[in-house]
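Residue numbers (the working numbering), protein chains in the order written: chain A, 1 to 308; chain B, 1001 to 1584.
Keep in mind that the hints were calculated from the coordinates and are not lab data. Heads up, a few of these hints could be off.
Said to hold, decoys possible - Here are the simulated distance ranges between beta carbons:
1. B:Ala1577 / A:Thr131: 41 to 47 angstroms
2. B:Asp1549 / A:Leu38: 53 to 59 angstroms
3. B:Asp1549 / A:Gly61: 48 to 54 angstroms
4. B:Gly1061 / A:Asn152: 44 to 50 angstroms
5. A:Gly137 / B:Ala1315: 51 to 57 angstroms
6. A:Asp22 / B:Thr1325: 56 to 62 angstroms
7. A:Lys76 / B:Lys1440: 36 to 42 angstroms
8. B:Lys1293 / A:Gly61: 38 to 44 angstroms
Each residue gets a CB set at the ideal place from its N, CA and C atoms; glycine is no exception.
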Amino acid sequence: MATATETALTGAPAPVRETRSDRIVMICNYTALGLFTLAVLYPLVYVVSASLSDPKNVVSGKVWLWPVGFSLEAFKAIFDYDSIVSGFGNSVIYAIGGALIATALTLLAAYPLSRRGLPGKGIIMALFVFTMMFSGGLIPTYLVVDRLGLLNTRWAIILPGALAVWNMIITRTFFQSTIPEELAEAAKVDGCTDFGFFWRIVLPLSKPIIAVNLLFYAVAQWNSWFSALIYLTNEHLFPLQMVLRQILIQNNFDPSQVRDTAELIRMKELQEQLKYSLIVIAIIPPLLIYPFVQKHFVKGAMVGSLKG
Amino acid sequence: MHEDIRTTPVKRRAVVAGALGIAAAGGSGLLSGCSSGEAAAGAAPDSLSAPPTTLGQKRTGIIYPPGYVGPVARERRAIVTEPATFTVVVPQSLTVGDWEKNEFTRWMEQQTGIRIQWRQVAGKGNDAETMTKVNAMIAAGDVPDAFLGITFTRSQLYLYGAQNLFVDLNPYLDKYAPNLHQAMKDYPEARKLMVAPDKGIYSFPDINDCYHCRASNGRAILNTDWLRKVGLDMPTTTDEFREVLTAFKKADLAGGGKTIPFGGYKDQPLDTYFMNAFLYNPGEPWLVVDDGKVGVTYVKDEWREGLKYLHDLYADGLLAKDIFTANEDQIKRYGDNPSGPILGGARVYYWGTLMTLDLVDPNARWRQYQTMEPLKGPGGVQIAPWDYLDVGLEVSTLVVTRKCRRPDLLVRWADYQMDLEVVLRSYAGPDIRWSAKGDKGINGKQSVYGFDSWNTDATKGKTWDQYGVMYRSGDFRLAERVNPKKPTFESPLYEQTRDQLFPFKQPMEQQFPPVTLEADQAAQDAEIGLNLKGEVTSSMAKFVTGKLDPADDGQWNDYKNRINKIGLQPYLEIQQAAYETYQG
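Start from the sequences and build out the full structure, keeping to the hints where you can.
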């Protein structure tokens, strides 16, 4: 802040001598951020290292930062399990399909609600918000999904709860603040229809918010497992997270409940072999897309939220 | 006939949606909404008309040890000539793989003629996850013909059974389950363990009689190599044990003060070993039966004496500092310590919880550690808590629902799985070899069967991962051939259980049996039981680690007051009533 004031006073953009307090602030800043980065980065590095190490070294605690006894066995083993391979494919389908459908729905709901002239806007909005606080509950929703014939299909994962009201509100705010009423009027004067305006003018101006929505929805789908747990009974449709949970859950058992020491050993083996490589596989896709969407992400989310 | 008697309790049960939550609510929905789904089908009238199933001829060429009690291999016939299909819900399992393509699935279909359409649910079959899904299905009336490997509790089975959602298998078992009948003769307690309070049997059980599991609560191991080095014998009394630990600590055989005289971790409670030097204590939920009267161990004076003993051990630094907080990974790190053993002993399920097992090296580290006898306390008490009832027979292996038109066929299908050969294929895969005369089993007697490898890779996609109906008696399990070139830990585990623990077992009457509760009782039981467990375990840790002093009358009475406030009395009344129902 001090720097800014000095710059303003001298009127020159030349580098300015840092005061002591500046430096202290900087050092504290960097230390705090550095520690924070470490806290976030370390588990990630550890998981990757563990996935590339001999499981024996992981169990005995020899791995703490870099791989010990480098081995790709864990990744090879993954391909022996059909459910992991198919789970990965399913997760990709759910993430992409879910994100596209949900984003389309969000945009279609948010845009009209952002226009002043929409009759009954207040009521519609209230209904949307109502669902944020109250839901039908597990069993009624299950019954609806069942009667609609969605049970045990991919649609059961994508359609119920596709639209997130929260995202819709952010998107609506974005439209309100970036697409002025006057623009719509000008378009109308030039003979553009409402749909034409939305398609040709609003969408091209809304890339950031579209990117944000796609990312939000895709990541949410990628990480979700509960709807799959409730609606699916066909292993071929299970997403990757279900398999991941299964392996991680197998760690949590009460030894006195296990009737076979041999079974105990097998479960351990399986877990040691697959746990870390599976986590790596599961975090790669979000990590990969994040950099591409990030610039929009910050912009879009900020615009939508700040100027509400 | 039972119908009238049932109506009232069912309604009451349905109203109490407490702990069973969705389960109870779902059940009631089903009662009122019978018309809403296929769940209303019920068994076909001809499902009991087929003649009873009889056992086939014993197959030749298989050698059984003398006096063998357990499954035998017989000539088997297909169950149906016209293919019949059933929908069965099963847990998803990486070992089973795709249930549809699984090798044992195909073999069963080919042998019996019964085709199964599988529906997988996530989870292990006995966890909250599985039950969430299963309860949602039941509540929505979306029920299969049967559940396999989905572990309903006895109380849930009874609840759904009394609502006619689960089929009472009694008439079918009488006619179509000769193998199960044989097993019930082998295990006289079986019927008591299977029937619900209304005498219904709402699931097809399986028997997996794991000998060493019956003693796992009372197992602790000690480093005999260190014993030799400090010149002491295996301790048999509490005083000798203290002496040994003190010697370990003094000698510091791990070097650099790293020695941990005695360790453990949070999932293996200390009390199930040490308290048995003062009174019979089976461990959580700490219920015992004394002359027909149900009580708990953790408020007795003997328990307090035990706490004092442990308190002193801990104060002298003879127990690991993190004995109440360490998790399995931590204790394994101690056990596997690369520069040599640092643990004098530990309270563990078996060696594998403590360290990685090297099965080839005859001098492997785990072989240094031997099972201790239970310690004899100052009052002369010396008990190895023996689990007569919870290990062995398990209910809920196959649950047939009201939707099934032909429960008789599913019962025959389940009973078929209790044949020796089918049992082996079901859990171990097709690579079985019958033993030759003279091959030794785990218990040193003539073995019956063996396999060359049994691990994740070899059986993946070939077995049902122990989710099937099985009859694995004690003799059967111990008749597995031991490869002399690669002996496993099974033989030592068996021998040490037999010699060190079995002779000190308590009488069966003292064990609190697995009981069935009415839904409202089950809710109460779960709630109070959980709070009691929290109080007992945390107070035990405090008493032992010195945050509380068991010798202080005030603190001990405070503890007992807290327990009473949580509701020990109503809790015991529930258990007493359930116990009396169990005893008939």
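Taking the hints in turn, this is what the structure says about them:
As the Cβ distance of alanine 1577 (chain B) to threonine 131 (chain A) is approximately 46 angstroms, the hint placing it in 41 to 47 angstroms holds. Look at aspartate 1549 (chain B) against leucine 38 (chain A): about 43 angstroms separates their beta carbons, and that is not inside 53 to 59 angstroms. Checked against the given bound of 48 to 54 angstroms, the beta carbons of aspartate 1549 (chain B) and glycine 61 (chain A), roughly 36 angstroms apart, lie outside it. Against the hinted window of 44 to 50 angstroms, the Cβ-Cβ separation of glycine 1061 (chain B) and asparagine 152 (chain A) comes to about 46 angstroms, which satisfies the hint.
A beta carbon spacing of about 53 angstroms between glycine 137 (chain A) and alanine 1315 (chain B) agrees with the range 51 to 57 angstroms that was offered as a hint. Taken as a hint, the range 56 to 62 angstroms is violated for the pair aspartate 22 (chain A) and threonine 1325 (chain B), whose Cβ atoms sit roughly 45 angstroms apart. Under the hint 36 to 42 angstroms, the C-beta atoms of lysine 76 (chain A) and lysine 1440 (chain B), about 37 angstroms apart, fit the expected range. Checked against the hint of 38 to 44 angstroms, the C-beta distance between lysine 1293 (chain B) and glycine 61 (chain A) comes to roughly 49 angstroms, which is inconsistent with it.
Violated hints for the displayed structure, listed by number in ascending order: 2, 3, 6, 8.
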